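S.K.: Chains as they are written, first to last, in our numbering: chain A, 872 to 1448; chain B, 21 to 174; chain C, 44 to 94.
Hints are computed from structural coordinates only; laboratory data are not their basis. On a predicted model such as this, the values are computed, not experimentally measured, just so you know. Some hints here could point you the wrong way.
Computed cross-link-like contacts, DMTMM-like style, restricted to lysine to aspartate or glutamate with a CA-CA straight-line distance of at most 25 angstroms [stated by the list, open to error]:
id : chain 1 : residue 1 : chain 2 : residue 2
1  : B       : K165      : A       : E1362
2  : A       : K1148     : B       : D65
3  : B       : K31       : C       : E92
4  : A       : K1186     : C       : D62
5  : A       : K880      : A       : E956
6  : B       : K143      : A       : E1325
7  : B       : K165      : A       : E1320
8  : A       : K954      : A       : E1325
9  : A       : K1148     : C       : E92
10 : A       : K1148     : B       : E60
11 : A       : K1318     : B       : D142
12 : A       : K1034     : A       : D1375
13 : A       : K1409     : B       : E96
14 : B       : K136      : C       : E92
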Amino acid sequence: MNISTSFKKLIYWELGIPVTLLTIGIYHGLMQTIYRSGVIHASNMAHLDYYQGLTLHGVINAIVLTSFFAVAFGHATIAFYFKREPDKLVAWGSFWLMTIGTVMAAWAMLAGKASVLYTFYPPLKAHPLFYLGTALLIVGSWVPLFNWARMYVLWKREHADTKTPLAVLITLINFTIWFVCTLAVAYEVLVLLIPWAIGWKATVNVTLARTLFWFFGHALVYFWLLPAYIMFYTMLPGLAGGKLFSDLAGRVAGFLFLIFSIPVGVHHQFSDPSITKGIKMFQGLLTFGVAIPSFITAFTIAASLEYAGRKRGSKGLLGFFARLPYLDPDKFLFAYLICGLFLFIFGGLTGIVNSSGQLNNVIHNTAWLPGHFHMTIAGPVFLAIIGMSTYLYATISGKRIFLPNVNVIIPYMWTIGILIFSTGLSWGGLLGEPRRTNLGLTYLDPKNELFTPEWVPTTLMALAGGIIMTIAAILFFIVFFGTLFSKRTKEGVLVLPVSEILHDERRIPLFDTFKPWLVVMAVILALAYIPAFIDASKNPGPGAPRFTPDNPVAVPANEGAAAGSKQIHPASITLGP
Amino acid sequence: MDTSVIDSSEKKVMVITGAVMALFIFSILYARGRSNDLPECVPFDKSYLNPKVMQLDAKTFQVYAVAQMWQFQPQEIYIPVGSDVDFFITSKDVVHGFNIYEKNVNLMAVYGNINKSTVHFDKPGIYTITCHEYCGIGHQGMQAKVIVNDPSYK
Amino acid sequence: MKTKNGSADVLAGEQFDRDFKPRGAIAFFVLLVLLGMIIWYGIYFIMIERI
Chain A
872 MNISTSFKKL IYWELGIPVT LLTIGIYHGL MQTIYRSGVI HASNMAHLDY YQGLTLHGVI
932 NAIVLTSFFA VAFGHATIAF YFKREPDKLV AWGSFWLMTI GTVMAAWAML AGKASVLYTF
992 YPPLKAHPLF YLGTALLIVG SWVPLFNWAR MYVLWKREHA DTKTPLAVLI TLINFTIWFV
1052 CTLAVAYEVL VLLIPWAIGW KATVNVTLAR TLFWFFGHAL VYFWLLPAYI MFYTMLPGLA
1112 GGKLFSDLAG RVAGFLFLIF SIPVGVHHQF SDPSITKGIK MFQGLLTFGV AIPSFITAFT
1172 IAASLEYAGR KRGSKGLLGF FARLPYLDPD KFLFAYLICG LFLFIFGGLT GIVNSSGQLN
1232 NVIHNTAWLP GHFHMTIAGP VFLAIIGMST YLYATISGKR IFLPNVNVII PYMWTIGILI
1292 FSTGLSWGGL LGEPRRTNLG LTYLDPKNEL FTPEWVPTTL MALAGGIIMT IAAILFFIVF
1352 FGTLFSKRTK EGVLVLPVSE ILHDERRIPL FDTFKPWLVV MAVILALAYI PAFIDASKNP
1412 GPGAPRFTPD NPVAVPANEG AAAGSKQIHP ASITLGP
Chain B
21 MDTSVIDSSE KKVMVITGAV MALFIFSILY ARGRSNDLPE CVPFDKSYLN PKVMQLDAKT
81 FQVYAVAQMW QFQPQEIYIP VGSDVDFFIT SKDVVHGFNI YEKNVNLMAV YGNINKSTVH
141 FDKPGIYTIT CHEYCGIGHQ GMQAKVIVND PSYK
Chain C
44 MKTKNGSADV LAGEQFDRDF KPRGAIAFFV LLVLLGMIIW YGIYFIMIER I
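If we strip away everything but chain A, and leave its shape as in the complex, we get (with noise of 0.2 angstroms):
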């Protein structure tokens, strides 16, 4: 499809800006596993504090990459399948609104007055201008939402008895999902967080707070799966060579996940106070509910797999799995995708042992969490996102991929590094390794009290392995950078892999209509959520004055918004006992 030259610059800059960070990012993911494993005992290296870095490592590879892709990748799935595009204005507002929180929340970051992690709990207290950046940026993001269900609207009346297409219906999905989320994390930055932090109110709600961004927290994670979940819907078997096993299956999937994506939060509030124990095992089983659409995933794309693999004369149960293009760069993102579905099958699993009522207890908070969640964000999202990113640039623009022999190897030396990685961070959880802590200051140096043999070895596999992935992320960059700097040797064009469908089921008009499922979705909501609020509401005690991360003492309430933020440069620590 041609596409203008605005709507070029859209994509190019909504890829390249996430990416550019991402290298901010990727530096202080290595820091960490360097501080952690007591390479070095140091609370900060060239002007920047570990827990500064954490923060801007959470939030530039968790919040900013992840969302601008989202919609970058949505833009293009509407336009390319409804063959129109999206509307200029709105586009571009959403990219400036998007861009101009990024710039806030940044600034604030690096100046050392948001060292609050992507997280920010209150107590803790950053900047305002870090709260009221990231809510822009999510605003930012659903903004495009409107125009494509509009754009979706009319073409359902010129196509009233065609299914919709799978990509189009799992984005449309996907971006309710995040709207209806982000509602909370909204309420609790706009309504909670910034007028106690500017010093309006004195006291916060703490575990209100922890509630609202939890809503929106669990159902993050699939507002990063889910395109990923396209590319392995529509994508991923055609590039393997063969067809989608079945359309139905990937329908039921998108709908399942609109139901069960948000009203599971509470599972990561487990240890919490004030939230009762009825409503923390109910919203646990319904995480059961939002584990069967990625199980059925798994079959179908086996299945789809399969296909692909006997058909290009594979032999024998599991032979299918040797017959597919896992090094050929001209299908590089075969290679991107399959790694990322490897990485899942343990992400995905350890996501259910998490969730699993008092299993929680077992790994809450530890180096486990990291282990598991590097294993799904860090494994299919983040190999889809730089896969396509690279791919969009390069399609769009009409340019050859740069040294792509590498290209198609990078999601390889990635997933080795991400297994030895959370190996490591895993392990060290099960001996009660903490995650969201500077080890290599105490816990991890020979010389402190506080030292502790076993996370030697732990930390140090975490190490090999961030190392590795950090290669492999630099490779990305000069494949990236290499294409972006390269000439234009052909029309660019917006051109996406589409997979045949091997049971195209005809259309059910209950898996190609959204109404019943955001009915279910609400009732399912409130059932889950208003006990939730109405304990966080009413069981604590009194809320909570501001504090920095520098100083135990409360930051005084009459002063104002700048209150406390001081760079982070401790000239002594307080060590425990």
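Chain A is already provided as a structure; the job is to place chains B and C on it using the hints.
M.R.: Same frame as chain A, but now just chains B and C:
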């Protein structure tokens, strides 16, 4: 709805998935017990902000722990082996973690809230309480100890 | 791997599609579930042991 449209293998997949999940749910419920449960909700009261250890009888204790930037109070807790201990935890400032990993104690300490977990210490030893939620620049030094004595040590 | 679309090829392709049963995918899925149970019960028994 005409379910014949759904391929029979997809249906098999749903059945297997459902069966395994039912097994997991049963296993979770089976293992629930006084010393193996999600944290309990306790209504807030200012008295919990005073750290102390109370002995209710020979083998029953209550530890009222308080987390603050950047230490736990009490810092050393002595418990005779074979005791049941209720840990209560709250925070005087930001959110902290309270993790005794060898005993499944995994709690968040939140300002204005009281959290509770019950443990049975059947083996002597030194059990470390670690803060595992980022709480500021001193987070990596925040540990306390539960010292479970063998009576013969006294 | 495309062959020239002669009518014999098309019929053979359709036959392949009709006969295709995802036995391998079912086997993969069962292995996946077994792995899930190994990981899950691994943590479960760690939990039990720590009570």
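S.K.: Is A:K1409 within 25 angstroms of B:E96, Cα to Cα?
M.R.: Cα-Cα ~34 angstroms, so violated.
S.K.: Decide if the proposed pair is consistent with the structure: B:K136 and C:E92, CA atoms, cutoff 25 angstroms inclusive.
M.R.: Holds: B:K136 and C:E92 sit about 21 angstroms apart, inside 25 angstroms.
S.K.: Is the hinted pair B:K165 and A:E1362 satisfied, with a Cα-Cα distance of at most 25 angstroms?
M.R.: With a Cα-Cα distance of about 68 angstroms, the restraint between B:K165 and A:E1362 is violated, given a limit of 25 angstroms.
S.K.: Need the status of pair B:K165, A:E1320: alpha-carbon distance at most 25 angstroms?
M.R.: holds, 13 angstroms
S.K.: Within 25 angstroms, alpha carbon to alpha carbon, are A:K1148 and B:D65?
M.R.: holds, 20 angstroms
S.K.: Can you confirm whether the C-alpha distance between A:K1186 and C:D62 stays at or below 25 angstroms?
M.R.: holds, 15 angstroms
S.K.: Does A:E1325 sit within 25 angstroms of B:K143, going by the straight-line distance between their CA atoms?
M.R.: holds, 20 angstroms
S.K.: Are the Cα atoms of A:K1148 and B:E60 separated by 25 angstroms or less?
M.R.: holds, 7 angstroms
S.K.: Sort out whether A:E956 lies within 25 angstroms of A:K880, counting only the CA atoms.
M.R.: Status holds; Cα separation ~13 angstroms.
S.K.: Do the alpha carbons of A:K1034 and A:D1375 lie within 25 angstroms of each other, as the hint requires?
M.R.: holds, 10 angstroms
S.K.: Within 25 angstroms, alpha carbon to alpha carbon, are A:K1318 and B:D142?
M.R.: Violated. A:K1318 to B:D142 sits at ~32 angstroms, over the 25 angstroms cutoff.
S.K.: For A:K954 and A:E1325, compute the direct alpha-carbon distance and say whether it is at most 25 angstroms.
M.R.: violated, 58 angstroms
Hint violations for this structure: numbers 1, 3, 8, 11 and 13, all remaining hints satisfied.
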